[in-house]
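Taking the hints into account, I'd like the entire structure generated from these sequences.
Protein chains in written order, with this note's numbering: chain H, 395 to 559; chain X, 395 to 559.
Worth flagging that the hints you see were computed from the coordinates, not collected in a lab.
In this list, chains with the same sequence are indistinguishable; a pair is considered to hold if it fits within one copy or across any two.
In the DSSO-like style, the derived pairs of lysine-lysine whose C-alpha atoms are separated by at most 30 Å in a straight line are: (1) Lys440 to Lys546; (2) Lys413 to Lys509; (3) Lys413 to Lys511; (4) Lys527 to Lys511; (5) Lys546 to Lys413; (6) Lys546 to Lys527; (7) Lys440 to Lys413; (8) Lys474 to Lys515; (9) Lys440 to Lys474; (10) Lys474 to Lys527; (11) Lys512 to Lys491; (12) Lys546 to Lys515; (13) Lys509 to Lys474; (14) Lys512 to Lys440; (15) Lys413 to Lys512; (16) Lys413 to Lys515; (17) Lys440 to Lys527.
Protein chains: 2
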Amino acid sequence: MIKRLQIVEQKLQHIPREKEGLRLWLRIVSCSQMVEQEVRSMLRDKYDSTLPRFELLSALDRVPDGLSMGELSGWLMVTKGNVTGIAERLSEDGFIKRNPTPTDRRSFCVTLTPKGKKIYKEMEEDYESLLDKLFTDVSLDDSDTFTGVLAKVKEVVEELREDRE
Amino acid sequence: MIKRLQIVEQKLQHIPREKEGLRLWLRIVSCSQMVEQEVRSMLRDKYDSTLPRFELLSALDRVPDGLSMGELSGWLMVTKGNVTGIAERLSEDGFIKRNPTPTDRRSFCVTLTPKGKKIYKEMEEDYESLLDKLFTDVSLDDSDTFTGVLAKVKEVVEELREDRE
DNA sequence: AAAAACAAGTTTAATCTTAAACTAATTCCT
DNA sequence: AGGAATTAGTTTAAGATTAAACTTGTTTTT
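Below, the structure is given as structure tokens:
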């Protein structure tokens, strides 16, 4: 059985040395895909849940006062329509609650229910220990280098977007 | 208007310094999301196309003899059912062709049509110049560090998977 | 050669995702 | 105050994605 790692390397061989950005990008994507796959498997097998659901719960857990649908959309970096769907299902399962906002009748304040808090705590523990395992070999130095690079790239994207507006 | 960058940083503040792996992972994810968003916009606005379509064409462009559906699935790291759908739409648009394999009647050899080759070449140029722009500030040294880190993480994931089998 | 095991792709049902159009509420402008 | 512009969130239509069940063809085993 051929390893996915090998496939990616095979893919990268076709890319000339000058295009280092492209090379790096493809490596980032393939690594992300693999890690996400692991996280998804864990969430599905152990909690019958998904990554988007987990991420929404995670956002709410970090902001005990709750978030509006729009804030969730920004926080998760997905469209508002997307949040509507995920929140709907989480709400049906009783993990979150959509409270009316007194000052704005269009808006909700979404919060975790006790049930949601409880399940999230368990998920979070498994999630963090999985990532800890996967990133265990990464030194603090490398992590800092990495962080700097990612920040630069994100800055460039931000600038590009601002130019468009 | 609040920047996504700021939202991510806000998110990360809640994470204790010990959990460096988690921190790094969230940074990778948010950076990937932003870059992918840019690529998607470009492909949609300029080619009325999508990233999965582009990636399938890209795989075929690099292997002129063609790939089977299963090979495409491995190459793109997605399920076979997923490939079926994307290939179907690309085929309808006349960008790819599914040729029968003489030695195995279950299998196809998928190749680019001339039309597909032509459009891919144009897309590829835009894609590469976009990534070049986004990664322009990344030094070769940093890129090497990065590559090492990513390789390590992927190794760990591979090992984890092997253990499961 | 027949049965069993396996492999290549497709289908299905569910969730996710997006962009764009839409509804309803709020704010801004004059 | 009253109309215009903006904003919060939903809906819609189409594609992407997955896991699991399935169909058909190939290989292995006995």
